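Take a look at the letters that make up each chain.
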Amino acid sequence: MHQYRRTLLKAMSAAMPLAIAAGAGLFRSTSALAAAWNKSGFDAKAAADALKSLGVANAQPSKDIVLTAPDIAENGAQVPVTITSRIPNTQSISIIVDKNPFPLNSSYDFANGAESYVSTKLKMGQTSNVIAVVKADGKFFTATREIKVTIGGCGG
Amino acid sequence: MAEPMKIRAKMEGDAADVKVLMSHPMETGQRKNEKGELVPVHFIQSVIATHNGKTVLDVQWSQAIARNPFLGFRVKGAKAGDKITVTWTDTTGDKGSIDTVVAAA
Numbered sequence: 001m002h003q004y005r006r007t008l009l010k011a012m013s014a015a016m017p018l019a020i021a022a023g024a025g026l027f028r029s030t031s032a033l034a035a036a037w038n039k040s041g042f043d044a045k046a047a048a049d050a051l052k053s054l055g056v057a058n059a060q061p062s063k064d065i066v067l068t069a070p071d072i073a074e075n076g077a078q079v080p081v082t083i084t085s086r087i088p089n090t091q092s093i094s095i096i097v098d099k100n101p102f103p104l105n106s107s108y109d110f111a112n113g114a115e116s117y118v119s120t121k122l123k124m125g126q127t128s129n130v131i132a133v134v135k136a137d138g139k140f141f142t143a144t145r146e147i148k149v150t151i152g153g154c155g156g
Numbered sequence: 001m002a003e004p005m006k007i008r009a010k011m012e013g014d015a016a017d018v019k020v021l022m023s024h025p026m027e028t029g030q031r032k033n034e035k036g037e038l039v040p041v042h043f044i045q046s047v048i049a050t051h052n053g054k055t056v057l058d059v060q061w062s063q064a065i066a067r068n069p070f071l072g073f074r075v076k077g078a079k080a081g082d083k084i085t086v087t088w089t090d091t092t093g094d095k096g097s098i099d100t101v102v103a104a105a
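Chains as they are written, first to last, in the working numbering: chain F, 1 to 156; chain B, 1 to 105.
Think of the hints as simulated: they come from the structure by calculation, not from any bench. From a predicted model like this one, the values you see are computed outputs, not experimental measurements. Virtual Cβ for every residue (Gly too), placed ideally from N, Cα, C. Each hint should be verified, as a subset may be incorrect.
To be verified - Cross-link-like lysine-lysine pairs, in silico, DSSO-like; alpha carbons within 30 Å at most:
#1 F:139 x B:76
#2 B:95 x F:39
#3 F:99 x B:32
#4 B:76 x F:63
Stated by the list, open to error - Here are some chain B residues the structure puts well away from chain F; computed CB gaps all over 12 Å:
#5 3
#6 4
#7 5
#8 6
#9 10
#10 69
#11 80
#12 101
#13 103
#14 104
#15 105
To be verified - Computed footprint of chain F on chain B, listed as stretches where at least three residues anywhere in the stretch have a Cβ under 8 Å from a Cβ of chain F:
#16 44-54
#17 58-65
#18 70-79
Whole structure, please, built from the sequences with the hints as guidance.
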């Protein structure tokens, strides 16, 4: 009787996180469960808080991060950015746009042979520093570039 | 959402270079429509890319990614004929997915 109850509770508690994740739309039909969306990071209004949410401590500037972006963005709604990390064992790249209302822009986790490289287009509200944050072997590295924006792209 | 997703994967050196274009409004929640009403937040939060079924890229996006978002990534050790899948999930729980086969260089 008690053994049955314990088994049932154990099975239910194992299933609960999956049930919650499925309900939240986080569960995907691919083989891996994705990382949970970093809500506190994406809601942070200060770059320092966004960095904290990523677990960043003692970030070192690194010349082995190549951040390619225009010096002047014609259209703040579509700013092309490409980041390559040449730091060995890069686990992830995150992008911070300092002066955006919510500085944490996006995060990219690499696995199973993906190169530490990403290319995308950002929205920038105004001229700002764009910071690439690389996590490699549990340590953090950054590269920063200022992008001038003439027409802001945050929708106002 | 007008156009369907587009994807292209091609060998470049020892890596498959993948470019994906997704069709999505990526609303920030700051924009006003013609009636002057705020259009609610509605954006792709998560993108997963797989190579022959294994997850290679796990992406978290915010509303500050451009409308009709573009994503480029590379998979080392991939070969022509390998399968690449890209799946997105947005703030409403909606999903989009596309797959392709890696083309030779």
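Quick rundown of the hints versus the structure:
As the CA atoms of residue 139 of chain F and residue 76 of chain B are separated by approximately 23 Å, the hinted pair is consistent with the 30 Å bound. Among the hinted pairs, residue 95 of chain B with residue 39 of chain F is consistent with the structure: their alpha-carbon atoms are about 19 Å apart, no more than 30 Å. For the hint linking residue 99 of chain F to residue 32 of chain B, the alpha-carbon distance of about 22 Å falls within 30 Å, and the restraint holds. Annotation: proposed proximity of residue 76 of chain B to residue 63 of chain F holds, straight-line Cα distance about 22 Å (limit 30 Å).
Distance check for residue 3 of chain B against chain F: the nearest CB is about 16 Å away, which clears 12 Å, and the non-interface claim stands. At roughly 19 Å, the least C-beta separation between residue 4 of chain B and chain F is larger than 12 Å, which holds for a residue marked as non-interface. Its beta-carbon lying about 15 Å from the closest one in chain F, residue 5 of chain B satisfies the requirement of being farther than 12 Å from that chain. For residue 6 of chain B, the requirement that its beta carbon stay farther than 12 Å from each beta carbon of chain F is met, with the minimum near 15 Å.
In this structure residue 10 of chain B is separated from chain F by more than 12 Å, as the shortest Cβ-Cβ distance comes to about 14 Å. Interface exclusion of residue 69 of chain B from chain F breaks down, the closest Cβ pair being 7 Å apart, not more than 12 Å. In this structure residue 80 of chain B is separated from chain F by more than 12 Å, as the shortest Cβ-Cβ distance comes to about 15 Å. Annotated as non-interface, residue 101 of chain B keeps its C-beta farther than 12 Å from every C-beta of chain F; the closest such distance is 17 Å.
Every CB of chain F is more than 12 Å from the CB of residue 103 of chain B (nearest about 18 Å), matching its label as outside the interface. Interface exclusion of residue 104 of chain B from chain F stands, the closest Cβ pair being 18 Å apart, more than 12 Å. With a minimum CB-CB distance of about 16 Å to chain F, residue 105 of chain B clears the 12 Å threshold, and the non-interface call stands. Check on the stretch 44-54 of chain B: 8 of its residues sit with their Cβ under 8 Å from a Cβ of chain F, so the three-residue criterion for coverage holds.
Residue count for the stretch 58-65 of chain B with a Cβ under 8 Å from a Cβ of chain F: 8. That meets the three needed, and the coverage hint holds. Taking a C-beta to C-beta cut-off of 8 Å, the stretch 70-79 of chain B contributes 9 residues in contact with chain F, enough for the three needed, and the coverage statement holds.
In summary, the one numbered hint that this structure violates is 10.
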